[in-house]
Each structure stands twice: as structure tokens, then as C-alpha cells.
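Q: Sequence order for the protein chains is D and V.
Heads up: the first sequence begins at 1 in this note's numbering, then just goes up one per residue.
Heads up: the second sequence begins at 99 in this note's numbering, then just goes up one per residue.
Treat the hints with caution; some may be incorrect.
Cross-link-like lysine-lysine pairs, in silico, DSBU-like; alpha carbons within 35 Å at most [said to hold, decoys possible]:
| no. | chain 1 | residue 1 | chain 2 | residue 2 |
| --- | --- | --- | --- | --- |
| 1 | D | 2 | V | 341 |
| 2 | V | 418 | D | 63 |
| 3 | V | 443 | V | 418 |
| 4 | V | 341 | V | 248 |
| 5 | V | 561 | D | 2 |
Reference listing, derived: stretches of chain D covered by chain V, where coverage requires no fewer than 3 residues with Cβ under 8 Å from a Cβ of chain V [to be verified]:
| no. | region |
| --- | --- |
| 6 | 5-19 |
| 7 | 53-65 |
Read the hints as simulated data drawn from the structure, not as lab findings.
By construction, the Cβ of each residue, glycine as well, lies at the ideal position given by its N, Cα and C atoms.
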Amino acid sequence: MKRRAVIRVYGEVQGVGFRSWTARRAQRAGLSGYVRNEPDGSVLIVVEGEEESIARLIEECRKGPPLARVERIDVEWQEYRGEFQDFEIRYRDYELPR
Amino acid sequence: MGYEELFREFSKRVEDYRSLGVNPFSLATGCAVKVDLLTVLYPAIRSIRGDLEKLGMRIAPRRDADIFQGSIEGFRLFREIYRSEDDVNIERLKEISPSRAIVLAQVHQRVADNPESLARVIRGIYTRVAQAAPGIIIGKGHSIVTADSKAQFMAFDYIRINNENYDRLVVGNNDTIQIIDPAEDPGSPRQTAVALGNSLNDLYTLGAWRNTTIIPVIDSPSRELTRRIEDNMRRYAESIGAKLVEAPQPRTGALLMGATVFAETDRKPPFFYDEVSPGMEILVTRPIGELASINVYMMCMLDREIAEELRRQFGIDVEKLLDIKSSIIDRMSRPNIDVARAIEKRLPQIDEDFDPSRHVAATTDVTGPGIYVIKELAELTRSSIRIDRIPLISPELSEFATRNYIIPNATSGTNGAVVMIASPRVIDEIEGELRDRGEEPIRIGRVVTKGEARVMVPSIVRKYISAKAYLKEFDLYEA
């Protein structure tokens, strides 16, 4: 069954390649949505797709990429909305130099 | 050295850097991460500009370097470091009596997140400076982000012009990096060379290189590391015949290296935007995309799964990747002075008019925005530019970086490639001269029409840029 999850990952999760690591996994699992760094130092993942694939992604996020130190994950399951076409990293403005 | 050993060594080095407060992943933008210009810095400056102008301060419009009439011998520089407005010594500033300043501001990432918080931090300091030095011009500002809330500071390099020299210009700039290659020691000569090259490149892009003067910016957690970086800077300055001038340092303990730099020129800078006309060509002095390759290398060293993917998708193994990365860092650490000389030769004297058959009309260096700098040139020159090819150091690594979400713009560069617009005849000359000097100049496109700022780019650029914020600025076409 298709569902949506809003996942917040806390710990040493910014500046360790967490977003690209998540995006690769989500893409491989056929999930759509986005990942972005939050000002409070956490990583936000909004994802849609098969519930089983999302659950697997959440489990992988508990460990994260090699340099990450995940302290806590908050997950809010929601109804599937079909909002996204693909999975992307959403950058904050200051991360895109002009 | 086997991959396992490399992997372990690299992971340890990255941990060491993180303990120094440096985030190797900020390399995605080349220099130390900048405060976003459009959404944070400019609105913050706009909100305080009115009050500062009432006090007589003028903040110059955004540009890559400060330019003023005079000579290197004709001015004195005084550096003051402020952590808060209480540090601004009004009596001292009245004594210095500066006419302009180049400012480096390092602010915490939460402050850099929105214009209101940034304005709150800088307003007090700027106001005190404006009160003490009425009429001062802030010629160039460089604003960077730190993850360490205790590492905030502003460095004002005050310029007192003693002797105005009307037949020459001084070009000044400030730039900094934290590190460029996390596989190397922070005190290695290559890191320092890249840091200084990064500062100097904005002068070189304008054809300014004579009587180069370097005023270091060095911050580090240990006296020993600071001394090594200082020694490296001294040697680098000697190698390019530049003068090194000591100045006070921020001493926050967070790693940072770079410099305020000045050079002199008796030519007009290549700001002949109105002279750009259809038929002129675009040349880039060497292939771009340095940061994509460096970031792919970093990710492969951190995550063997990515290294395996790279080998599987593009047949590039870790050994080959190391070679590419090494040659890129070598190139980035070599002074780009030949490009400066080639540009200088093709600029009009101060009292001469621009001649399209002899002179370069416009230049810019390829930095974090990568190929997007062409859009900026199109806007400055109000022209439509057609790009025929995207000259990448490694199209494979840039594509891999995009496909695997490693970097949002895999055409990003730093320290070197300069883009210029000139007539085909001038481009011929520069291309030949740079080739003779071992560079790899490439003609990448041409000016099509004047009026509307547009850039037509082959749609293959999608393989190299994932950030929609950049892609939407281009007119993509099928080649």
C-alpha cells in the first residue's frame, strides 16, 4: 500500500553526506519526495511510495552514512498524496552559490 | 596503498578536520560557505544602508573586487578585528582616517539563515565604523558562514590613501577557504596555495597582477599550524614575486585561510559590457568542474558503496580517481598569472578607448556557480549567448556526481578557469598564447544578439546540474 512519511533525523546528520545518501536509497527503492537540511541541525525527509520501502528507508536512516551519528528519528505516517514525481535534494539558498 | 587503507586514513582525516570545526562537505562551494547573496546578504545590507548613508558611509554595489585610483605604494592598510560593536575603537579609527575598507565577515550559520538576524549582527559594527569614519566606502565585502557560534568576527581592512596616482588603479579583494583537500594535512603547502590562488584570481580575472601585495587571513586551533600556514604563504608570495604584509588575525581557533590581496594596473578593467556585440566569442581558459571531481573523490573515500558504483557505472577505479583529483589540486594550486598577463595585454590603457579588434570586453572567473557564470555575463552585457559545449575536466565524474546527488551543480569550479568575451581575432590571440603556456583554452560559444539576457545551453547540461534553481535560468536546446 502506498503511504507518505515525514521523517526527522536528529544527531550529527548535517555535513556528513546524509542527504545524498538518503536520495540514492530513495531513488533505488522507487520512492519520491525530498530531503533537506533544517536550520536546527536535523534532516527532514518527506517521502511517498510503498509502505514497505519507506519502512526499510527509515530503518537504514537509523544508522545513516558512515560519518553520521544518528541520535533519534521521529516518523509521522500520513495518507499517500501523490505529490512528487521523483526524489530530490532541496537545497537552502545559501547552499547554491551565485 | 590499498583502498581499505586509503578509506581508513581518509575517514580519520575527516574526523580530524571535524574536530577542528571544519566541514569537508562545505567544499561543495569551494571557498568557505558564503552567506547567500540574494536572499540574505543583500536584503540585510539594504535594511541598514539608509541609516549608514546618513552617517556618510557608502557600500559599493556587489562586485568581485574593489577598484580605486592610486598605487600600491600610495596607500596604507590597517586591519582591525571586531567581534561586537564594543570592539570598534572610535579614537583609533579617527586616527587611521580611512577612505575605504575591504570587509570579511564570518557569521554563525543561524545568523546567516535570514537577513534580519544578519542585519542585527552587522548593524552595530557598521554604525560605529560609519560614525568614526564619515565618508568611508566599503569597497568589497566577503561574508562567510561558520558552524561555530564562537567563531564570529568581522575583519575590516582599512585603506588610507596617501597619494592618489591618477594613471593607475589598485584592485583589491578578500577571499578565504577552510580546506580544499581533506586527504591532506591542513598545513600542507597545497592547501595554502589554493587559498591564496582563490583570493588572487579575482584580481587576475581583471588583468591586475603587478606589485601584488598579500595580507594573510589565518585562523587555526594551534600556534604550530598557524606558523606552518604563515610559512607556506611566505613561500607562495616569494614564488610569484608578491609582497607579504603582516596584519592582526581573528584568533577564534576555527580553521580559515586566505588573504586580502591587492595588485596594480595601468589598464582599464574589462567592464566594457556595452561594447559586447553579436559575433563576439566566449572563451574559457581551461576546463571546469573541479569541485565535482573533488566531491566525488571525497564521497568515494567515505562510502565504499559509491566507489563501487563509480567503477561499475564509468569504469573509474579509486586509483584513477586519485590521479584525477591530484592533478586538479595541482592545477588549482598553481598561480594563474599567465591568464592575468594575457588579459592585461588586451586591455586599453587608462587614457585609451576600447577597441573591439584589440581588447577583451568582459571577463569573469568560474567559481561555485560553474557554467551559470555565463548567465551573469549575459545579464551584465544584456546579450543572448549561445553555448555550444560545456567544457568539463571529467564529464564522467560530473555526470556521476549529479546522478548520485553528490553536488547540486557539477560544473562548479574554483581557482582558475576564466571566461572572457572578445572578438574572434582577440580570442584567437589569447587562445594561442595560453596554449603556448600549457593552458587548455576552449571556445565554448558566442554572443548571438543584444538586448535580452539569455543563455542557450545544450540540454546535456541536465546531466551535470541537478539544482532546478540553476537550470531554470537557461534556455535548453537539443544539440
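Q: Hint by hint, say whether it matches the structure.
A: Comparing the hints with the structure gives:
1. 2(D) - 341(V): At roughly 66 Å apart (the allowed maximum being 35 Å), residue 341(V) and residue 2(D) break the hint.
2. 418(V) - 63(D): Holds: residue 418(V) and residue 63(D) sit about 30 Å apart, inside 35 Å.
3. 443(V) - 418(V): This hinted pair is violated, its Cα atoms lying about 38 Å apart.
4. 341(V) - 248(V): Satisfied, since the Cα-Cα distance of roughly 32 Å is no more than 35 Å.
5. 561(V) - 2(D): Roughly 30 Å separates the two Cα atoms, so the pair holds.
6. 5-19: holds (count 4)
7. 53-65: Our answer is that it is violated, as 1 residues pass the Cβ test (under 8 Å) against chain V, missing three.
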